[in-house]
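Given these sequences and hints, build the entire structure.
Number of protein chains: 2
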Amino acid sequence: MAHKPNNRVSSRDVARVAGVSQATVSRVFTPGKQVSEDKRKRVLDAAQELNYKPSVIARSLIQNSTKIIGIVLQKFENLFYIRALDLFSQKLQSLGYSVMLFDINGSHAVEDTLPIALQYQVDGVIITSATLSSPLVEECSRFETPVVLFNRVNESGSVHSVCTDNRNAGREIADYLIKKGHKKIAYIAGESGSSTNRYREEGFVSALEEKGLSLFSRGEGDFEYPSGLEAARAMLSTPEKPTAVFCSSDYMAMALLDVARTEFALRVPEDLSVVGFDNIPMAGWPNYNLTTYIQYTEKLVDNTINVLLEALEDPGMPIAHQFLQGRLLERGTVKEIT
Amino acid sequence: MAHKPNNRVSSRDVARVAGVSQATVSRVFTPGKQVSEDKRKRVLDAAQELNYKPSVIARSLIQNSTKIIGIVLQKFENLFYIRALDLFSQKLQSLGYSVMLFDINGSHAVEDTLPIALQYQVDGVIITSATLSSPLVEECSRFETPVVLFNRVNESGSVHSVCTDNRNAGREIADYLIKKGHKKIAYIAGESGSSTNRYREEGFVSALEEKGLSLFSRGEGDFEYPSGLEAARAMLSTPEKPTAVFCSSDYMAMALLDVARTEFALRVPEDLSVVGFDNIPMAGWPNYNLTTYIQYTEKLVDNTINVLLEALEDPGMPIAHQFLQGRLLERGTVKEIT
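Here the protein sequences line up with chains A and B, keeping their order.
With numbering that gives the first Met the number 0 as the guide, the letters of the first sequence map in order to residues 0 to 337.
With numbering that gives the first Met the number 0 as the guide, the letters of the second sequence map in order to residues 0 to 337.
Hint data in this document are derived by calculation from the structure and do not stem from the laboratory.
Careful, some of the hints might be misleading.
Stated by the list, open to error - Computed cross-link-like contacts, EDC-like style, restricted to lysine to aspartate or glutamate with a CA-CA straight-line distance of at most 20 Å:
(1) B/Lys179 - B/Glu329
(2) B/Lys90 - A/Glu76
(3) A/Lys178 - A/Glu76
(4) A/Lys90 - B/Glu76
(5) B/Lys298 - A/Glu171
(6) A/Lys298 - B/Glu219
(7) B/Lys40 - A/Glu143
(8) B/Lys178 - B/Glu335
(9) B/Lys240 - B/Glu143
(10) A/Lys40 - B/Glu143
(11) A/Lys183 - A/Glu171
(12) B/Lys210 - B/Glu335
(13) A/Lys179 - A/Glu335
(14) B/Lys178 - B/Glu208
(15) B/Lys334 - B/Asp270
(16) A/Lys182 - A/Asp270
For clarity, every value in this text was computed on a predicted model and none was experimentally measured.
What follows is the structure, encoded as structure tokens:
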């Protein structure tokens, strides 16, 4: 479709016209390198004059590295993942990498996406998607390009992963609600196939059971707001209601708050206590003021990048599985029952 | 950092081992091409066995096209732009392109970003950022790679752009509030340097003036929620309050709703009418149920891609400026005053 003119101008020509060294020309066109504003301008002017197009292609043939990291993302509606994408992009750019985005929302599957990432000879891939099947994860690991899973674990353990310790998080939230005197405690689950939801729920339920309680009721969504509305309506339509609900994401907790107040005339926290998960920005908005569980996104992102960089340095390194601790953040949606 | 082994295996070798044609191997590694599941698997198995890494690099040297589109994005907190990013990525992937993401949130400026995009010889660039200065836009257009501005216009008119007709949108909203009987009508502005805010405000104020009204009061934010909180507090702290407020984004309108209810005990719409702009998903949540102005994101995205594809086909095409009409969506936050 686009046919660009062949470019026979070299960086040496640009350096001559700009009156700088060839190394300076190279620095201007290398991600993450500092160049003075004056020199940058002279190089760009000379590049324009000569119609010079610097070529990562030529460089990557020499260096065997494209300095591209592929990021696979599915959840474009969820600000937790969008914040992570922003942090990944900024940090990788600062490290001299560029980001190629592979969108598997909608009909695009990871099966179709990974061969394309490899075709561009990306140096590494970060996968941030809740619905990777284990066979798929295996398929990723077969390629030589290092892959790190962000905020999820694969069961077989054959791919690097960096994740919040969801099982412990679930336990902490259960202990907190019990300490606040609640006995009728419910759970609204996220996507049942996801490791994040499974571990949160396992930790939550097992901590309840250790205190002689069982789950009062259980709803199921897919982490997103609309699914939370449905789950909340079903849960609150029963004659006897829970006094406290842990929702596996802030979005579902906000949906529960909206449904409780708008459709069931329940006051939060007077009539119903609610705990979310993630601590997305909206959880702190005055209308929600949601008690939730902080996932430390920036730390998760930093560690994911570090694992990837280590794997690039040492392709034979042992598979890393990092579980980071989060923290319960008390705001205004849980009441003590006496 | 990453030094990959030189790859001397060709697609012919892979085709031989997989028992398929060389064209099939090529299709498996070409974005947007359909291949049967069986053949795809055989090719990937053979590629793994031979340690074959298909090279977009080799192909791009022949075709003079990398099939990469650069997307420059700043507003990662704003779901209007995130939805656009998702649509851009999905649609470009379906067309056989890959997306390189350039994140200019935080400290990364477009000045630093564009040379990198060019270094990767992207076929084209889409810029979705509210704060591009006109000189910068000029600098973009100096390069031969086509650039299209999404949801903004540059004053000099030298770069393609696709944008909602914000001036007309502002007029429609003013006419609507006047028709509903309001006379004390206020405005909370977005980023004052942005073309989107300027045109919305110009249309809004001029339509008021044509009906003999002037702006009752004016606040200023930056389109995002926290700035809306501040602007709303200042606006509602005055002894005489407006009866209706048009906010230049849904996020600021939601902040105004939260502040009005939580901090000033005002009922919406009984005591205060509020209109937003964008129609992001949250605007429809029961708690907000916000009357707003729809920007047709998908149509804006489609047209932006079409302009870019046309510019790739015909680099000499005249500069395109498209203004698309939106539509006022009545929900529950505006009351008729009688």
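Status of each hint after checking the structure:
Distance restraint check for B/Lys179 and B/Glu329: the Cα-Cα separation of roughly 12 Å lies within the 20 Å cut-off, and the hinted pair is therefore satisfied. With a C-alpha separation of about 17 Å, the suggested pair B/Lys90 and A/Glu76 falls inside the 20 Å cut-off, and the hint holds. Distance hint between A/Lys178 and A/Glu76 is unfulfilled; the C-alpha atoms sit about 34 Å from each other, more than 20 Å. In summary, the hint linking A/Lys90 to B/Glu76 is supported, as the alpha carbons are separated by about 17 Å, within the 20 Å threshold.
About 46 Å separates the Cα atoms of B/Lys298 and A/Glu171, which puts this hinted pair outside 20 Å; it is violated. At roughly 34 Å between alpha-carbon atoms, A/Lys298 and B/Glu219 are farther apart than 20 Å, so this suggested pair is violated. At most 20 Å may separate the alpha-carbon atoms for a hinted pair to count; B/Lys40 and A/Glu143 meet this at roughly 17 Å. The straight-line distance between the Cα atoms of B/Lys178 and B/Glu335 is roughly 8 Å, inside the 20 Å bound, and the hint therefore holds.
As the CA atoms of B/Lys240 and B/Glu143 are separated by approximately 52 Å, the hinted pair breaks the 20 Å bound. For a cut-off of 20 Å, the pair hint linking A/Lys40 to B/Glu143 stands: about 17 Å separates their Cα positions. Using a Cα cut-off of 20 Å, the hinted pair A/Lys183 and A/Glu171 holds, with the two alpha carbons roughly 17 Å apart. Between B/Lys210 and B/Glu335, the direct Cα distance comes to roughly 17 Å. Compliance with the 20 Å bound is thereby established for this hinted pair.
In summary, the hint linking A/Lys179 to A/Glu335 is supported, as the alpha carbons are separated by about 5 Å, within the 20 Å threshold. In summary, the hint linking B/Lys178 to B/Glu208 is supported, as the alpha carbons are separated by about 14 Å, within the 20 Å threshold. For the hint pairing B/Lys334 with B/Asp270, the CA-to-CA distance comes to about 9 Å; that is within 20 Å, so the pair holds. Of the supplied pair hints, the one linking A/Lys182 and A/Asp270 holds, its CA atoms being roughly 14 Å apart against a limit of 20 Å.
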